[in-house]
Amino acid sequence: MVETMDQIFVTSKHWLVGLLPTQCQPVFSVILSVAAIVITFATLFAITTLLERKGLGRIQNRYGPNRVGPYGIFQPIADGLKALTKEDVVPRTADKVVHYLAPLALVVPVFLALAVVPVGRNMAALDVDAGVLFFFAVGAATELSVFMAGWSSRNKYSLLGAMRAIAQMISYEVPLILSAVTVIMAAGSLSAVKIVEAQAGYWGIIPRWYVLTPWGMAGFILFMIAATAESNRSPFDLPEGESELIAGYYTEYSGFKFALFFLGEYLGLFAVSGLGITLFLGGWHAPLASLGWIPSWMWFFAKLLVFIAAFIWVRGTLPRLRLDQLMSFAWRLMLPMALTNILAAGAWRFMPAGITRWIGCSLLVAVPYVLFAGALAGRKPLVKREYKYAD
Amino acid sequence: MSAPLLGGGIIKGLAETARNFVGSYVKKDRLVTVQYPEERLPQKEAARNFPFLVYDGEDWQKGLRCVACQICEKECPPQCIYIVKDTVRKPDYVGKLQFQPKVFDIDTSVCMSCQICVEVCPFDAIKMDVQYELSTSDRFDGLLLRKGQLAKSNDYYRKIHPVEAAEVDGRFSAEKAKAAAKAKATAAAKPASMPAAAPAPALAHSG
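In order, the protein sequence lines correspond to chains A and B.
Mapped onto our numbering, the consecutive letters of the first sequence carry residue numbers 11 to 401.
Mapped onto our numbering, the consecutive letters of the second sequence carry residue numbers 86 to 292.
I should point out that these hints are in silico values taken from the structure, not numbers from a laboratory.
Glycine included, every Cβ here is placed at the ideal spot set by N, Cα and C.
Warning: the hint list may mix true and false statements.
If you want the ones that stay clear, here's a sample from chain B, every Cβ over 10 Å from chain A, calculated [what the hints assert, rightly or not]:
id, residue
1, L91
2, N105
3, L116
4, C165
5, D190
6, R224
7, S238
8, K263
Pairwise CB distance ranges, derived in the manner of DEER restraints [stated by the list, open to error]:
id, chain 1, residue 1, chain 2, residue 2, range
9, B, A100, A, T366, 28 to 36 Å
10, B, T118, A, F84, 18 to 26 Å
11, A, S300, B, K113, 49 to 57 Å
12, A, E252, B, T118, 46 to 54 Å
13, A, S264, B, E143, 53 to 61 Å
14, A, A52, B, D240, 53 to 61 Å
15, A, A52, B, V111, 49 to 57 Å
So that you can see chain B by itself, here it is in the shape it has in the complex:
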């Protein structure tokens, strides 16, 4: 009879659950449930689920960073990206001629959010979004995101992933500065026979 009498543990347990029951009415911080549609937790910096396309400037059709190189399409493990390359170069938002994707679809019902497309993109054109309320009544067309739905501005990217976006912006401005310096050097190396060549205003991404 060294063990406590049968039933003692039950009393202890009942006291504990009673404490929880009363405590949940008295102390609000016991109720940890976030009442989802009304209140949400702030999103973590690392949050990500489906990819989107970044564009610079105001007009998404002109400003897409994507040049339809199709690397992401080839790398995508579940093959959820579908790209049709445009046949002609079109001027982008700074007027530079670029290939653009004529069609860029991501089937989010297939996408497994692996982020490989983001990692392989040499142009920082595709990034991970944080939008998670994607439920739809149409599982075919509703979950197939078109180019227009995928295109989101660089400002949006800065908002959802500030650290990453700052890093990308920094890289772009460094490249721009380097290109500007190079252009200046070539301009200086050339004799004055070709005076006042325009100092290449259209140097890539201003961000």
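Same shape as in the complex, but just chain A:
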């Protein structure tokens, strides 16, 4: 029974594919996998928009949307209908082809990235040997779409927003990948499925997840901060800082193209959260051996929902960063921390297991943090500016 529930999607897919003649089977198998990904994550997107508005409302002591249906649960449907029925305005001077392609160039790579994330046992749509590499490669393609949108709109706010977005995404791509490198070192594989398998089993009752090691914890935090910045979420949502840039590279988008951007952004969030779960939180593994009877895909989505809740929480808490703060945070704290974290992961690999390894690796993470954070925070005190030529 446990086994059946765990593999229900896999077996039903095999059964469905088996109904067709042999030569159609590979194509149909691919179509089924793609349809499953598109439907699941698009539904999750709809749920997340509602949860986000509700959660942010509660954080601000409001109700959030509560008009469409009981407790506002049909709000995503209303939003979708609104986006579909709105006029699609394209600026007269816009580069029409690029303007049209930009939202697609965001959504397609994000779906591709989602394909390599194992959402359950035997449930990675695309199990490639270099899955993590593939993920980062297609993930980087979203930057192209952002710049396509900003450039083709022929609008100064769009362009400024896109340039900010590019600067931010390239800066944070570095710590994102470097913090993932530790896991690749420990697992000895670039395959997402193998990385999850490497985290199977338990030390006593504690799961063998990478997040429960000093370097894993540090890597996880670095990864999540970088993931927040990569998916342009608050507090790193400068590219669409409405106080200074209207809506950044979205400015000239309306109707369904805007909805596609919105979808792409959230799917990117799910994809990068899914990768974070895969790399650090044991993928679809249960946190306790006694909870192993719950299907693996449920664990994956439970973890994903926790991630989404955390993102909403952070969004409700932090104000937007300034651009120089964003950049100095990336290059002066995140990057050196990611590099020293690789050192800590290496030390963990070669030190004998025991309390000394724990203390040693923790120090290798904590001491650089104190130093780098101190260097970042301990700037020169603010002094009254002297104007030499103005008077």
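Once you've looked at the hints, dock chain B against the given chain A.
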């Protein structure tokens, strides 16, 4: 390193928002939003938005206090009042002959709720209403209020602005008493050659 370690403030902030999140489910008084169409806040005494015409008695066509003097029309800064004076005097609700407005329109799409019309009216005929749900699908005729829509009873005025209405009523009854006393005095001064002249029952506003 005198400053607290980087990240401490974030933890503090997260705790605060978590307190709000949980608190909004536990304590109802945290949620200050008034769920508007279902529940409303009681209106303040000073609430006002667009003007209306006050009438006395039962029949609005007879009881309008407005005598079509057109002062408000002239004073209105955005010129949103349009009055056509009637050519003949008609008996009002107590039978006294008065000029009445044949047409009295206020274009609420133009009105800026400045209340100048109310302040200049010597007859206390135009007052500010509190009705705010005026949305309509027709922005021309729907927002142009005619005489019939503008006329509202003195009872309504007392209900929406009790203090002001009491002041106006008091002033009117004082004037009435003064006029009655004057009429009495003139009646007394005249010799009895004109006996039992009716003691002017029609003295203005009974309120």
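Structure-based check of all given hints:
1. Taking the minimum C-beta to C-beta distance to chain A, about 4 Å, the non-interface status of B/L91 is violated against the 10 Å cut.
2. With a minimum CB-CB distance of about 5 Å to chain A, B/N105 fails to clear the 10 Å threshold, and the non-interface call is violated.
3. For B/L116, the non-interface assignment is contradicted: its Cβ lies about 6 Å from the closest Cβ of chain A, within the 10 Å cut-off.
4. Non-interface status of B/C165 relative to chain A is upheld: no Cβ of that chain comes within 10 Å, the nearest being about 33 Å off.
5. Look at B/D190: its CB is around 36 Å from the nearest CB on chain A, clear of 10 Å, so calling it non-interface holds up.
6. Look at B/R224: its CB is around 21 Å from the nearest CB on chain A, clear of 10 Å, so calling it non-interface holds up.
7. Residue placement check: B/S238 keeps its beta carbon more than 10 Å from all beta carbons of chain A (closest about 36 Å).
8. At roughly 57 Å, the least C-beta separation between B/K263 and chain A is larger than 10 Å, which holds for a residue marked as non-interface.
9. Taking the beta carbon of each, B/A100 and A/T366 are about 34 Å apart, inside 28 to 36 Å as hinted.
10. Distance hint for B/T118 and A/F84: a CB-CB separation of about 20 Å, consistent with the stated range 18 to 26 Å.
11. The hint said 49 to 57 Å for the Cβ distance between A/S300 and B/K113, and at roughly 39 Å that hint is violated.
12. The supplied range of 46 to 54 Å is broken by A/E252 and B/T118, whose beta-carbon atoms lie about 23 Å from each other.
13. For A/S264 paired with B/E143, a C-beta distance near 55 Å keeps the hint of 53 to 61 Å intact.
14. Between A/A52 and B/D240 the Cβ separation comes to about 59 Å, which falls inside the hinted range of 53 to 61 Å.
15. A hinted range of 49 to 57 Å is violated for the C-beta pair A/A52 and B/V111, which are about 34 Å apart.
Hints 1, 2, 3, 11, 12 and 15, counting from the list given before, are not met by this structure.
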